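Residue numbers (this note's numbering), protein chains in the order written: chain A, 1 to 351; chain B, 1001 to 1285.
It should be emphasised that the hints constitute simulated quantities derived from the structure, not laboratory data.
Keep in mind that this is a model prediction, so the values were computed, not measured.
For each residue, glycine too, the CB sits at the ideal point set by N, CA and C.
You may find that some hints are simply not true.
Claimed, not checked - The following label-pair restraints were derived from C-beta to C-beta distances:
{"hint": "1", "chain 1": "B", "residue 1": "Arg1166", "chain 2": "A", "residue 2": "Gly340", "range": "26 to 36 angstroms"}
{"hint": "2", "chain 1": "B", "residue 1": "Thr1009", "chain 2": "A", "residue 2": "Glu89", "range": "27 to 37 angstroms"}
{"hint": "3", "chain 1": "A", "residue 1": "Leu21", "chain 2": "B", "residue 2": "Gly1180", "range": "49 to 59 angstroms"}
{"hint": "4", "chain 1": "A", "residue 1": "Ala70", "chain 2": "B", "residue 2": "Thr1004", "range": "26 to 36 angstroms"}
{"hint": "5", "chain 1": "A", "residue 1": "Pro117", "chain 2": "B", "residue 2": "Lys1019", "range": "41 to 51 angstroms"}
{"hint": "6", "chain 1": "B", "residue 1": "Arg1016", "chain 2": "A", "residue 2": "Ala70", "range": "35 to 45 angstroms"}
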Amino acid sequence: MIWVTWRQFRGTILTGILTPLLISAVMMATTLVLDGVRSFGTVFFYCFGYPTTECVAETALTTASLATIALPVLLGVFVGVTVFSRDIERRSHVLGLTQAVSRRRWYWTRILVVFGPIVLAMGVLGLVSYWVRFRSFSGAYAFVGYFDSRLSFPLFGAAGIAPAAYTALGLAVGSALALLLRNTIGAMILTLVAMAAVLLVLPTAIREHYASPEIEKIELADNFYGGDSATYSSSPDALSQRWLIGSDYIDLNGDPVTVAWDTCPPNHDSWPEARPEETTAEFDARVSAYDRGVAAERIDCLRGLGIDHFENRYHPDSLFWRFQLTEAALCLLLAALLAGVAARLTRRLQP
Amino acid sequence: MTDTVLSMTDVGKSFRRNKVLENCTFDIERGSVTALVGSNGAGKSTLMSLVVGLLSPDTGQISVLGNQVGQRGIASGLSYLAQHKPLYPRFTVGEMLRFGRSTNDHWDDAYASELVDAAGVSTSARVKSLSPGHRTRVALALALGRRPEVLLLDEPLADLDPVARREVAQTLMRDAAEHGTTIVMSSHVLSELADIADTLMLLRRGRIQLSGALDDITSEHYVLIGEGDPSQAVGDGSVVSEAIGSGGKSFVVRGNRPASAPGWQVDNATLDDVVLAYLSDRSAA
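Looking at chain A on its own, in the form it has when it is part of the complex (with noise of 0.2 angstroms):
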């Protein structure tokens, strides 16, 4: 029976191993071979058509990421869907079913010679797309954003075990729906939206409830401007690395406020200008006094409304692995009980 699913189909198993594992051994090689190249962010496609060293590597690895956090909707389309709807469209799923093998057979073999070594590639093309993100150049950076956490879209879904785990789940989806429709176009079509759904419910309302947020609380201090401005308070470093999910006002009972962008407004007047006879340092003191002042006026301004202070909510780095973890678990239970379902729909399978 592995033999003939092998058989069956050999042509997709190897298409659908051979991309995860070519991609992976594209951002290898150019990982090693343009050794020390830096790159400048995760601005998508910044660099295209600029025929430099960094844009060669920073292009070759945009694009490879985006193809990570791609392929497991499209394996689930193409193999996924396939694998089943393929032979029930031309009936021959009735030789298969008139064998001395039950449906439950027929069903696992497929889904452990086909969708297994696929899965396993994708795993592969995780690790190594970590490696060359986050480990290569001696723990230095590859295509790494200055102000993207790795915990949020689009890093997360490109390394590590989530691609793996995505796709089980599009290739489980896939196969349901399959087995549901019977129908090739129709059961491709709903592949598609579920898994871009999947994909986009994960990191926007999903994942930031893995764990309790950090909490930073900023002072209504002298350096304090309100605002976005606010997280800048922070070192640099914790800045690029830490998933900010969420800022607010606090009032005195600790409920968030909002504070409309031109609740206080600075009613002053305007920047200082330098005069002739002044020196730096006496312009460099006005210009400071005159933002104390300004700072000073709209702490005063916020108080009046009740706050208390500003805090950040976020996910340090460290918490990368268990993110992993716990969202690949997610993904492979969510599978599992599809697959479940599916194994149930074969019997529903009719000549």
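Keeping the supplied structure of chain A fixed, place chain B upon it in accordance with the hints.
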């Protein structure tokens, strides 16, 4: 004592609101070669799919070789050749035989290879390049390689040319003769099967309307030709159908022939007469 290898008891099967089989009951004896005849859409394929477990019945019991048919897959000792002769198009013939070997515990490789050889099909040929005749013979070799006690064939001779038709029929007859295989095959064309089969089952309106040995069936019926109401001449027989012929109306009647039927001409019924009578729209349900 007869040895029943395949039976249905009060089997019903509907697809949505469309009743395909209703109170379908029959027994098939070991060693018989049965022609299952019915018009297109009469439920022949549904009946076969139920026997092999591809479908499950809404009501009733199906038993194959002493076991109830369930969802556990095809019964061992039973082989099925579907109407569309499913094979994997990208496999070679040799790989199809390997498929049979690896999906069946009970498999006679020598016999299957011999059948393919006898058909003149190369084992390195791709399935998708085979002619319909060769395709049928490879599919049949797969079904017979399981060394079945009961073989179910759905329209096995449809879309074959006369030469291929005779070769397939010979393969079947040889298997039945040498191994005592019980064969059930369906067709909507009786003449395809009349030479091979010894038993007839006629499926109409979801149930078996007529079944028995071919000879018994012809001898149980006769044709009455004449004018007027046949009810007196028929006696305790029953009129199956009427048709307008050259010498007046002709009635196919089931029952004993009348000793004398003044004004009527009594003829022997051929198998075709009987089958057409039962299949025609005017027959009594």
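Item to complete: Just tell me: holds or violated, for the beta carbon distance of A:Leu21 and B:Gly1180 against 49 to 59 angstroms?
Response: holds (55 angstroms)
Discussion item. Against the range 26 to 36 angstroms, how does the distance between the Cβ atoms of B:Arg1166 and A:Gly340 compare: consistent or not?
Written reply: Hint violated: Cβ distance 50 angstroms, outside 26 to 36 angstroms.
Worksheet item: Measuring from beta carbon to beta carbon, are B:Thr1009 and A:Glu89 in 27 to 37 angstroms?
Response: Once the Cβ atoms are compared, 35 angstroms apart, the range 27 to 37 angstroms for A:Glu89 and B:Thr1009 holds.
Discussion item. Against the range 26 to 36 angstroms, how does the distance between the Cβ atoms of A:Ala70 and B:Thr1004 compare: consistent or not?
Written reply: Since the Cβ atoms of A:Ala70 and B:Thr1004 sit about 59 angstroms apart, the hinted range of 26 to 36 angstroms is violated.
Practice prompt. Just tell me: holds or violated, for the beta carbon distance of A:Pro117 and B:Lys1019 against 41 to 51 angstroms?
Written response: holds (47 angstroms)
Worksheet item: Quick one: are B:Arg1016 and A:Ala70 within 35 to 45 angstroms, going by C-beta?
Response: Holds, since B:Arg1016 and A:Ala70 (Cβ atoms, about 40 angstroms apart) stay within the stated range.
The earlier numbered hints that this structure contradicts are 1, 4.
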